[in-house]
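If you want the building blocks of each chain, they are given just below.
Protein chains: 4
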Amino acid sequence: MDELAAEIRAHYCKVRRQSETLCAGLEPEDLCLQGMPDTSPLKWHLAHTTWFFETFVLKPFHAGYQSFNDCFEYLFNSYYNAVGKQYPRPRRHLLSRPTVREVSAYRQMVDECVLGLLESPGTADCAELCHRLILGLNHEQQHQELMLTDLKYCLSLNPLAPVYNDTPIPASQASPLTFSEFPGGDGEMGCGRAGGQADSVGGFCYDNEGPRHRVWRAPFGLANRLVSNGEYIEFIEAGGYRTPAWWHSDGWATVQSEQWRMPLYWRREGQRYVAFTLHGELEVDPAAPVCHVSLYEAQAFAAWKNLRLCRESEWEQAAAGVAPAGQLWNRLCHHPLAPPANQPQPRQLYGAVWEWTQSAYSAYPGYRAQAGALGEYNGKFMLNQMVLRGGSVATPADHIRATYRNFFYPRDRWQFSGIRLAYDL
Amino acid sequence: MDELAAEIRAHYCKVRRQSETLCAGLEPEDLCLQGMPDTSPLKWHLAHTTWFFETFVLKPFHAGYQSFNDCFEYLFNSYYNAVGKQYPRPRRHLLSRPTVREVSAYRQMVDECVLGLLESPGTADCAELCHRLILGLNHEQQHQELMLTDLKYCLSLNPLAPVYNDTPIPASQASPLTFSEFPGGDGEMGCGRAGGQADSVGGFCYDNEGPRHRVWRAPFGLANRLVSNGEYIEFIEAGGYRTPAWWHSDGWATVQSEQWRMPLYWRREGQRYVAFTLHGELEVDPAAPVCHVSLYEAQAFAAWKNLRLCRESEWEQAAAGVAPAGQLWNRLCHHPLAPPANQPQPRQLYGAVWEWTQSAYSAYPGYRAQAGALGEYNGKFMLNQMVLRGGSVATPADHIRATYRNFFYPRDRWQFSGIRLAYDL
Amino acid sequence: MDELAAEIRAHYCKVRRQSETLCAGLEPEDLCLQGMPDTSPLKWHLAHTTWFFETFVLKPFHAGYQSFNDCFEYLFNSYYNAVGKQYPRPRRHLLSRPTVREVSAYRQMVDECVLGLLESPGTADCAELCHRLILGLNHEQQHQELMLTDLKYCLSLNPLAPVYNDTPIPASQASPLTFSEFPGGDGEMGCGRAGGQADSVGGFCYDNEGPRHRVWRAPFGLANRLVSNGEYIEFIEAGGYRTPAWWHSDGWATVQSEQWRMPLYWRREGQRYVAFTLHGELEVDPAAPVCHVSLYEAQAFAAWKNLRLCRESEWEQAAAGVAPAGQLWNRLCHHPLAPPANQPQPRQLYGAVWEWTQSAYSAYPGYRAQAGALGEYNGKFMLNQMVLRGGSVATPADHIRATYRNFFYPRDRWQFSGIRLAYDL
Amino acid sequence: MDELAAEIRAHYCKVRRQSETLCAGLEPEDLCLQGMPDTSPLKWHLAHTTWFFETFVLKPFHAGYQSFNDCFEYLFNSYYNAVGKQYPRPRRHLLSRPTVREVSAYRQMVDECVLGLLESPGTADCAELCHRLILGLNHEQQHQELMLTDLKYCLSLNPLAPVYNDTPIPASQASPLTFSEFPGGDGEMGCGRAGGQADSVGGFCYDNEGPRHRVWRAPFGLANRLVSNGEYIEFIEAGGYRTPAWWHSDGWATVQSEQWRMPLYWRREGQRYVAFTLHGELEVDPAAPVCHVSLYEAQAFAAWKNLRLCRESEWEQAAAGVAPAGQLWNRLCHHPLAPPANQPQPRQLYGAVWEWTQSAYSAYPGYRAQAGALGEYNGKFMLNQMVLRGGSVATPADHIRATYRNFFYPRDRWQFSGIRLAYDL
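Protein chains in written order, with this note's numbering: chain A, 218 to 642; chain B, 218 to 642; chain C, 218 to 642; chain D, 218 to 642.
Some hints here could point you the wrong way.
Note: identical chains are not told apart, hence a pair may lie in one copy or across any two.
What the hints assert, rightly or not - Cross-link-like lysine to aspartate or glutamate pairs, in silico, DMTMM-like; alpha carbons within 25 Å at most: (1) K302 to D342; (2) K302 to E319; (3) K276 to D641; (4) K522 to E319; (5) K302 to E398; (6) K231 to D403; (7) K302 to E486; (8) K522 to E224; (9) K302 to E454; (10) K302 to E498; (11) K522 to E498; (12) K522 to D255; (13) K302 to E475; (14) K231 to E329; (15) K231 to D287; (16) K302 to D467; (17) K302 to D416; (18) K522 to E290; (19) K276 to D219; (20) K522 to E593.
No lab work stands behind these hints, which were simulated from the structure alone.
Since this is a predicted model, take the numbers as computed values, not measurements.
The whole structure should be built from the sequences, with the hints applied where relevant.
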């Protein structure tokens, strides 16, 4: 147990610092932006991830803990109805107070209390305490990805096109699109430890990744890399956004009502496509993976190619046994690039962009959400959303695995989301 | 072939007449109502089902066919982009012309041409012709169910509470809720003839029912009857609509925004619940199956019971080999009743109300939509909707089978949709 | 009194019959249309005008009157809060019942009772009874104009372009635009009998036309005819709809959000402008008065001409002493034409189209709405609307006078509304 | 001219400094809030008022002026179409850059250039230059009032209820409501210098205040003080917000749709009313003037009292010859108080709260907007808005006069707007 506590302590310090590092070059004004109801101000993320530890660790386990500000329970609760009411999400940008400085003080106080508690847990249930801390750190890592994607969305709305990261990006090398074939058959998927208490920081998985269960897969082919911008531009120029035949009915309705003509952040400038990125406005690199497409667009592109998106069980079969590596979180580059040529096939399973699957996000057989407020973490979203797999440039390398299930609505485009093709054998 | 043609001819006359019989007691004013964008005026259904034969049978197969009115191609196209543009769905109530009388004339002319063509197909591809006629009749039967549910919705908005069917309804007999257990395991589901040309009227199934494919099912329990109004009232009175814990996140948001407090068509009158039905306003019968609930409500009810909805593969296993029988279309009764006591278990698999499943409506492995406009029939809806199984009081008995997949959005309530409970073994 | 009763009786029969004549060539389906919330189904107008007599004449004055259907008090109340709640206006198209036939029976029963009461008023206050009957008939005449404009709007949404009146329309003769100048100065405006009991059918005026009061007018010039389509086309082709400089701020916002590019009902076909009219689709006649423009458009046109709209006090000075004559209600022609050359100047003060003024609709000094529900007739609308003067092709000739104040919102276009120019001397 | 230049220079320094003083105690986060589309971030106001001088003074008159940032022409243009396109108003909160610090630098650079230009105007048209500087300073004073009202609105949305001004507010002394009577008659109103070049800072008036013109007024009575909170509470508790009879039709619709039950910023706490103010949350003082009511509420209150609001011509007659004095801008108190007992009657004509009139904001006879972009300042808003008179606690004392016309939409409540009663004699 002492070893686990030490491991958690080190991880805690690293992860918490990472959130602050992420905000380092930004101004207080930047940290308060909310570009649409789906996004939150970075200041809010900084406070909410702290609230998570305060609510689920300090209040239940730290004897004599005094809350920083009682009103924060309301202001920084995201969606835990079992904890209490929540300040309306679309209005988070209206909270000029607490200021960025006050949120920093809040973080610091909670950090001190958490580290103190970890040192002297007293009568606390240590296993549960460790479980919640590991959960809280995974939670904060998820929010780190959101901080980048939310920031990108907000900055993109400013005609001054602010640059978050001024490191130059290398040009990508194009490669042909090939496929690997998989036999399918009887098999298993999911994580056997899901929802349980991990005995190491790396042994964690979310409850929605389990239980591990049996599945039958028909044989399938899977692309050896992500779809590139160049390939996607062909779709655009072949009239993809004007041809209903390629689209699901709801997708076509969205194309019409939103007047989509290309991926989010792109604009056409003469013959070129230019995209807003965290590195500023850049010409679209044809060899790099296409990004910021909705599931509707991913599916329409696949239909145009006479192919399909993969199922999550297929993706997991391909990723099983492959160690997470690739273009994951890295402070030098916040934009997806083409894969190195020498990776084993299929390449880019991890990193670069999240891959839309054709699988609805739903409970695996035998899934039960845990009791209490933490049971709201995943289970209540198992409807209307679709699974994405593999992580992106904004995902910490120690926060992704073969069984990891991300989920968004089919229309969502502000995540680093892209396309991997598949077919039935 | 002659035999098939004769069978089709008889079925054609019966099905087409049925649509008109359904409208018999109604006034022209009733046939023009559109209560919300999801519903269509009955006059429009009468014309659209006719348009289907005109477009997919007469125009391609009837040499020298002269269209009744060229503008109808636009007015009565529902969603076939490959055919052409469509008059906006939410505005269908704005078409006073063609009048009901003109639509009747349109039906009659098309019927004459279709029957003539069936008699003398000339050089037409007879197999394809028969296939399209059978498809067109299945299409019309689907619209007959919609005609009843759309009419019910529209009449319910009139404070005069018009009565469609004045036949009295018998009181239902309550019965205890029991479960049957199924072993699961390796198996198959789906229809092996899906999308192909049927050699008999009864041999038809839609393309979305296939291909037949292998699945693995975990063992499960399935309720022996539908959830009753009495059981659902307990949920209401236990605060079900005020307790977020039972709801999916999107469901809870909908309860708040729509201010749902009970099923569609219900209102509270002192201690009683009263419901608008096609038989007029009636006190809710506790023993009869609950109806007009969304998937959100069905799922919340199940969660409150600490149970779940079934998967479509589970339902199909239970229904395999059970002949469709039960409370299906019948001109005397348009409201769901309790099941007879002596039916084999599980009861009410067919009829009474459609049963929400927890399965997203998506393509079976190996599914390909057919080419051309008819490929739009099912495939483009395989996103965002959920599968319902089993048919209802509004489903013709020869229009339901174990593999039949109906689909609606989780929020939809105006269909005859209800709840069957299940659990993991 | 007997003489007044006889005059009212004759007028009652004539006006009530007129509403029915107006609907003569229409189908029940046509009478149920509601093209937007601002419009009502003609069936509803037929019932509401009857409800007015039932509510304000029969219920208070006819001893032992039995209501036709108690629910009608709710269904056919337009906006009289003092009478009770109202069925929501945007949903009036959802009332298939009562049917057209039932509404006819309602009209007939109420007519019999009203005429009976007029014959044998018993103990009723005859002066008040006569006052309310005259008010009710003026009310019905207002609704007759709305019936035509609402019908036109609804039919225009049907791609079949139904024709209401198949009488051909003569071509108009162009004439130069000249102005008459008026000295202004101290004067009076308004009707001295406003809101009082008339001693003849023709002696009536609405309460909002009074009290007659003193005003001071600066000297002004007034156009001798309405603005023509040809002149308005020049404005369109000079980029009027693309140039913010001519528009009020709210007008420009509306042009953008509604994407207005020409008057309501117009479309461009090559070099021509074609308009939907009650006589079918017709090429726009350059010499005829422009019609179906909002105040925003009328004002922008005037600004482009470096002129202005007139004030209602100015219009009334010009019209004082001019007997109402011109292109008023006439069953042969439901579309505005150019004025005859030989009329005294200014021409077209009455008829053809209502003339937008730059005067906000507000209470004259000393105005008090009458007590009770009938006080809601005019007073509560004296905010946010603008005054129009002069009547149109849809106004009965005995329903217009120099002091008559019509009022609509600046964005409204579905009335027969046009433009007369003015300037400061 | 040198004297005028010196006067302007002093006034310029004072007014510009005032905007910054107003923001002194606020954080960068506070300066970026936009609580609704009608409001703007204070940072935006600071930049826009600077843009006004840059656009209308420096660019045309300062030879060799280099713009601070070319993109600001787009970002900080409010509504001048003749200058160019504008960044969408509802999105102003999305501009984290330029930061507060950068906006300060922008202000400083523009100030230096303006003062330099005033010192050495070179070949500039000095009269026009002075005119524009005076206009720009009046413009900035208008925005100072908006800065306070916008800030108040935004802070009110924060559950932490931030305090802008922590100076305590004295209790008000109640006084009876009495009336002064005015004979009316022939007279004049408006400013004779409107739109022209002022020969002193104090000689300025806006173009919408003129031309001075003749009017006729009926005799009227005018309340000797503003309506108090105590009087307004009586209206609330008499069911004022539940009784349609007191409301204009559009007002009643707004009460329903917005669920208004009391003035903006008020909430009920047991038997007390508590209001958010710039001094924090305070119990409502019954003797102080009611504030933050819409015209709809002001008019309904007056109707309930069987009185009316005054016309702007009436207010101006009462104010003519009264020097502006009263509770105007003052850094110690940002909330309206009761009037001192010893003021001459009518009291509170100036200051405390703006007084809604029943006059629509429209052009006086003979009004012409000036040519060019500055002609958009007032003229294009002369539709759909209503006149308010007299200034408020947020109006600088040297920015109000008897002819000053403020204007807002009838539904607006976030200004310091209140009620003065009147009646017809």
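Results of checking the hints against the structure:
no.	hint	verdict
1	K302 to D342	neither (28 Å within a copy, 61 Å between copies)
2	K302 to E319	within (22 Å within a copy, 38 Å between copies)
3	K276 to D641	neither (52 Å within a copy, 35 Å between copies)
4	K522 to E319	neither (52 Å within a copy, 45 Å between copies)
5	K302 to E398	neither (50 Å within a copy, 40 Å between copies)
6	K231 to D403	neither (41 Å within a copy, 47 Å between copies)
7	K302 to E486	between (47 Å within a copy, 20 Å between copies)
8	K522 to E224	neither (48 Å within a copy, 41 Å between copies)
9	K302 to E454	between (48 Å within a copy, 22 Å between copies)
10	K302 to E498	between (40 Å within a copy, 22 Å between copies)
11	K522 to E498	neither (29 Å within a copy, 46 Å between copies)
12	K522 to D255	neither (31 Å within a copy, 32 Å between copies)
13	K302 to E475	between (32 Å within a copy, 19 Å between copies)
14	K231 to E329	within (14 Å within a copy, 48 Å between copies)
15	K231 to D287	neither (28 Å within a copy, 42 Å between copies)
16	K302 to D467	between (33 Å within a copy, 16 Å between copies)
17	K302 to D416	neither (34 Å within a copy, 60 Å between copies)
18	K522 to E290	neither (50 Å within a copy, 30 Å between copies)
19	K276 to D219	within (22 Å within a copy, 70 Å between copies)
20	K522 to E593	between (39 Å within a copy, 18 Å between copies)
Hints 1, 3, 4, 5, 6, 8, 11, 12, 15, 17, 18 from the earlier list are contradicted by this structure; the remaining hints agree with it.
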